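Q: Chains C and B, in that order, give the protein sequences.
Numbered according to UniProt numbering, the first sequence spans residues 1 to 699.
Numbered according to UniProt numbering, the second sequence spans residues 1 to 699.
Think of the hints as simulated: they come from the structure by calculation, not from any bench.
Each pair may be met inside one copy or between any two copies, as identical chains are not told apart.
Below, in silico cross-link-like pairs of lysine to aspartate or glutamate (EDC-like), each with a Cα-Cα straight-line distance of 20 Å or less:
#1 K69 with E110
#2 K144 with E377
#3 K345 with D396
#4 K62 with E377
#5 K144 with D63
#6 K134 with D378
#7 K404 with D591
#8 K194 with D63
As the structure is a computational prediction, the values presented were derived from the model and not from experiment.
Protein chains: 2
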Amino acid sequence: MKNLITTALLVLVTLVQAQTTTSPSKEIQVNFQLTAQGQPSYTVKYKNQDVILTSTLGIELKDIPALEKGFSMINSSEKAMDEPWTPVMGEYAVIQNKYNQLTLNLQQKETGRLLNIIFKVYDEGVAFRYEFPKQPNLNYFIIKEENTQFNLAGNHKTFWIPGDYDSQEYVYNETQFSDIDVSKLDMNNGIGLKTIRDNHRIQSPLMMKSANGLYLNIFEAAVVNYPVMHLNSVPAKYQLTSHLVPNAIGDKAYLQTPAVSPWRTIFVSDDARKIVASKMIFNLNEPCKIKDVSYIKPMKYVGVWWEMHVGKSTWDFAGSQNAQNAADGSLKPSGKHGATTENVKRYIDFAAKHGFDGVLVEGWNVGWEDWFGNWKEDVFDFVTPYPDFNLKAVNDYAKSKGVKMIMHHETSGSVANYERHLDRAFNLMKEYGYPAVKSGYVGRIIPRGEFHDGQTMVNHFNFVARRAADFNLMVNSHESSRPTGYSRTYPNYIAAEAARGNEFNGWSNGNPPAHETILPFTRLLGGPMDYTPGIFEIKMSYYDKTKTEQVHTTLTKQLALYVTLYSPLQMAADLPENYERYLDAFQFIKDVAVDWQDSKYLEAEPGDYLTVARKEKNGERWFLGAITDENARSSEVKLDFLTPGKKYKAIIYQDGKGADWKDNPKAYEIKTMTVTSKSKLKLNLAKGGGTAVSFEPIQ
Amino acid sequence: MKNLITTALLVLVTLVQAQTTTSPSKEIQVNFQLTAQGQPSYTVKYKNQDVILTSTLGIELKDIPALEKGFSMINSSEKAMDEPWTPVMGEYAVIQNKYNQLTLNLQQKETGRLLNIIFKVYDEGVAFRYEFPKQPNLNYFIIKEENTQFNLAGNHKTFWIPGDYDSQEYVYNETQFSDIDVSKLDMNNGIGLKTIRDNHRIQSPLMMKSANGLYLNIFEAAVVNYPVMHLNSVPAKYQLTSHLVPNAIGDKAYLQTPAVSPWRTIFVSDDARKIVASKMIFNLNEPCKIKDVSYIKPMKYVGVWWEMHVGKSTWDFAGSQNAQNAADGSLKPSGKHGATTENVKRYIDFAAKHGFDGVLVEGWNVGWEDWFGNWKEDVFDFVTPYPDFNLKAVNDYAKSKGVKMIMHHETSGSVANYERHLDRAFNLMKEYGYPAVKSGYVGRIIPRGEFHDGQTMVNHFNFVARRAADFNLMVNSHESSRPTGYSRTYPNYIAAEAARGNEFNGWSNGNPPAHETILPFTRLLGGPMDYTPGIFEIKMSYYDKTKTEQVHTTLTKQLALYVTLYSPLQMAADLPENYERYLDAFQFIKDVAVDWQDSKYLEAEPGDYLTVARKEKNGERWFLGAITDENARSSEVKLDFLTPGKKYKAIIYQDGKGADWKDNPKAYEIKTMTVTSKSKLKLNLAKGGGTAVSFEPIQ
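Given these sequences and hints, build the entire structure.
A: Below, the structure written as structure tokens:
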């Protein structure tokens with residue numbers, strides 16, 4: 001009798017081959033359906049408009065049949081979830097996490113294999129993943145390719161970068177979808193290592209805007225033990241399909257059931273602010289796995305860094321990035337080495353005087369004479385200082401001044417070498433009291449044949465975060481794969497670069513004025529970026545008259561970036577001596593908070609402008625940042641985020657008369673006024689300009 | 001004027017395009033010549049017989065012109081060297097190291113690049129290497145292939161194994177050179193992972209014998225930062241050419257000038273004993289780089305190991321090598337786990353009672369339920385014991401009994417995972433006082449696409465030895481690339497497996513009786529092997545009546561192996577309970593030394609027989625081992641190695657009446673007699689048999 005019922009139920013549920021769910025707001029509707037061939041497919045609508053047309057799902061496996069067709073639905077279930085959580089650091093004290101979940105349990109008839117598709121629908125977007133349950137017919141498997149389609153409903157405007165396996169440090173290209181074409185780009189862009197295999201392959205997060213004003217973004221969350229997903233575009237069909245970054249022998253991912261893919265995410269809203277404000281990517285990651293998070297703290301820092309970028313000093317001790325010197329062990333000092341004990345003490349003094357938490361020093365350890373571009377396995381050992389850098393003296397001095405040193409580990413891409421030395425490197429940090437490390441991965445990866453975005457490297461970056469947690473250390477990785485929310489799970493992974501940072505303005509064609517208005521819609525969705533804002537000496541001709549490179553913003557836009565580009569780790573990147581000449585403007589960098597109780601995105605348009613207000617954590621001050629692209633911009637924002645009834649002293653740092661990112665970038669003015677929650681603030685942003693405001697309650 | 005003289009000299013030396021040198025004995029003659037195309041070539045003669053016919057040398061490089069043709073000789077120099085040295089452990093207290101060196105300085109006219117060829121000619125063979133000096137026109141380079149020819153003078157008898165990138169655990173095939181053909185082999189041989197790409201590619205060391213009785217061997221020494229060399233054979237031409245094992249993307253070696261290739265070696269003698277007795281491979285390695293060698297000590301050990309091979313117990317705790325159990329973390333003990341605290345204590349008791357130095361325990365750490373064959377990255381963590389193995393209790397107990405524990409690290413080929421955990425693993429060893437680790441590399445290598453014999457793995461094995469030295473630890477690697485003398489430089493790398501060991505007799509077609517007569521002419525030339533002799537219960541039917549596997553020797557041949565197969569690390573591999581039943585024969589294993597003052601190779605014929613006498617270091621005892629292949633053998637050896645005038649009590653362990661490896665392997669007899677240096681000893685070896693003798697001075 002029981003069998004009969006089971007069979008009857010089975011017949012019943014296998015007949016239901018489609019399921020629908022919506023966001024809590026009901027604005028987003030997801031429909032799942034098995035095609036006539038038994039292939040999973042889905043559609044997404046927003047306020048009854050098509051967002052994703054029928055798009056199929058499937059996984060190709062190596063040596064065994066694909067998980068693609070011939071499925072029937074053996075069960076489905078739906079639930080409404082509301083799981084707010086408290087981040088260690090972040091834009092909000094509490095992060096809302098409300099969604100409807102739809103689980104489809106599928107079975108492939110011919111093979112008997114099970115596959116689940118799980119949707120989570122939030123008010124600002126849709127996420128879904130593949131789940132490979134533990135099962136008799138599937139244990140170890142190798143993914144050959146994931147074929148997840150995103151069929152768009154129109155020829156949207158897109159902000160794209162090439163599908164480079166080794167770098168995301170590109171300028172965003174703003175074109176119609178149908179005009180995506182990597183071959184048309186100028187590749188003289190300062191990126192040293194490029195691995196591009198297809199002219200219509202691009203990266204995610206891919207920000208888009210439809211002709212009728214819908215904002216869309218395709219990205220992913222929780223990339224753990226899986227390669228990064230790039231996107232193959234078919235311009236004529238407005239189609240995107242997942243492309244996983246391969247390993248050295250062309251395989252994509254090695255998995256064992258039970259396993260899951262990362263979440264594939266589709267943000268959609270008719271209000272761009274909802275996308276930049278979203279924490280959906282973090283919500284899709286596992287909760288924090290670190291028990292004692294007391295050592296994880298935000299940091300504002302200065303460092304021996306920009307002076308190398310502008311050519312004032314060098315990372316290397318011997319003044320030559322040339323192997324021929326290094327090999328014989330008889331390095332002669334060039335006199336241009338930046339990381340000398342004396343120079344570092346100068347930075348420590350500056351940090352102490354102006355209330356910074358930390359000092360980063362790059363080029364402190366031997367190896368820089370011959371480190372780059374030769375796929376060299378043994379470069380740095382991460383523990384041996386140059387003879388003119390006294391580890392103990394520097395750290396003792398920093399301690400006496402109440403400043404923390406930030407360690408630097410450039411791996412030159414030799415991950416094999418870094419992993420061999422990692423425990424020693426971390427032990428050295430603990431010995432001297434370094435709380436955090438900035439790591440770098442400039443160059444081709446060793447194990448040779450691997451790419452920055454492959455499963456091997458994803459696993460490495462995550463491993464370093466976990467291992468650092470064992471030592472109570474924080475990590476800020478540069479040239480890593482771009483974050484997809486892992487810092488929720490390991491909040492000691494405080495920041496990453498993984499996009500085109502401010503440094504490119506120092507020695508390449510740089511970052512166009514629109515760049516920083518796009519980053520919050522792309523790179524920042526997955527985690528904080530160490531963008532290194534705060535460059536006051538905008539033009540490199542200041543250092544060398546023959547140079548034409550420059551930062552593509554005004555000075556006050558550099559200030560506004562501390563608010564618009566969220567990170568719990570913020571550098572004041574310019575030289576101390578430059579800040580000393582602009583102490584009034586520098587005051588904003590000194591004042592601005594780096595961890596927040598709340599954030600309000602007041603105005604947002606990708607590629608055009610962004611205005612954000614944030615309230616500091618454990619305090620009553622608010623800060624506002626407003627930036628624009630190459631166009632000047634005026635607007636008026638309500639200050640209704642301020643506490644009603646309170647008076648605030650507003651200090652407004654804004655572009656001065658005639659300011660212009662290109663011809664007059666350093667013109668700024670600072671105004672003070674008293675405001676309340678009923679006030680309105682007029683913003684006047686120059687071309688490539690910005691405004692930064694601090695609001696301090698008046699007692 | 002000075003320039004004129006330089007030019008004149010240059011003209012003079014560039015005219016000399018050939019050079020000859022000889023061994024100190026003058027028996028070996030090497031001639032170097034540039035061909036008409038300016039390609040380096042050489043010949044070797046032994047007592048005026050052709051050994052190597054004109055053979056060319058050259059290196060193909062990736063992306064740039066080869067270092068092959070168009071060379072002229074810009075200088076050459078010769079010197080006679082005599083550099084005896086004292087090994088930390090070994091077959092001899094002092095190792096002779098006498099050779100003539102010929103250096104050829106070549107320049108490639110079109111590219112200006114420099115290449116040196118260095119020959120060292122010993123009395124028992126020739127070695128040469130490529131040297132890439134530091135130079136303006138060659139800094140970083142990638143080797144695409146090394147084209148070193150060895151053109152043989154005839155269709156020699158050869159002892160070969162297939163050119164498998166991942167394993168050397170093959171039975172040697174004894175055929176004429178012209179019959180080398182991997183496709184003809186029975187591959188049902190117990191080897192789990194095979195990577196064979198060419199049916200005429202074989203491995204070195206390649207032992208050969210010419211029709212007129214010359215013994216030849218082609219091998220290599222000092223494989224450091226370079227892949228293992230395999231040999232492409234052209235049967236019809238009696239030609240061998242080097243083939244370097246590739247990495248994941250097909251490259252061979254990544255080098256930076258100044259750099260050297262390993263030495264390519266050609267042993268030649270009309271006396272086979274000179275080849276097995278040779279230390280040429282060690283002489284060609286760098287001297288010891290460890291300052292304090294006091295922790296490096298020979299060890300005789302027993303272990304929880306063979307009982308798993310014979311099926312009495314298991315490595316895993318839960319009784320199943322099945323992921324489905326392991327993943328949910330709720331392992332249920334099978335009751336068959338070998339590495340229990342209780343069982344290990346039994347081995348410790350046995351070791352203490354019989355004077356062994358150490359006890360190895362395999363299967364002590366979690367992961368064995370799902371470790372093999374799936375290219376899994378995270379298997380073992382090398383620090384977490386199974387719940388029934390009490391690390392502290394075991395080590396405390398061992399200490400109380402004066403016995404050392406030997407650590408076991410099975411990596412399952414996941415080198416990425418091992419390197420990430422190595423420092424933690426070594427720290428655990430230091431915490432508990434383990435002096436040595438046996439490491440294992442069963443399975444496909446991670447980084448995926450790499451092979452056991454590629455440059456990446458060569459670097460790994462050498463790295464582990466160096467890192468172990470930092471911790472004052474000794475290493476015994478299994479499934480590593482075969483040693484080429486690195487244990488001279490890092491003598492803490494005390495032993496390796498890297499050939500077909502005794503274990504194969506337990507569960508496969510096993511090792512034919514000739515096997516152990518070939519190993520000293522091949523695998524052992526590069527370093528000690530952990531062969532794990534001493535199996536008394538020869539037939540596996542003892543454990544399970546349905547089994548037909550067996551050791552392919554008699555019991556006393558197992559004893560003789562302790563002398564014939566040199567290693568400072570020797571296991572008594574059988575079960576304690578088996579030894580307890582043959583205590584009289586076991587006495588030899590208890591008595592035999594493992595470090596030697598002197599060694600005398602009395603009789604030797606590869607594939608047939610070997611008789612060796614050795615004098616213990618720091619003592620007056622001698623030990624003799626004699627083994628034969630599948631044929632019974634009688635001979636008489638002079639005991640003139642004994643100290644003249646001294647009387648010795650000789651205990652002779654020999655095959656008993658009717659003994660035979662196949663039908664009656666355990667028949668043995670033990671005789672005692674008094675001998676002097678004037679005595680002769682009659683040896684009567686059964687089919688697959690052996691004799692072991694201890695000589696103790698009579699006061």
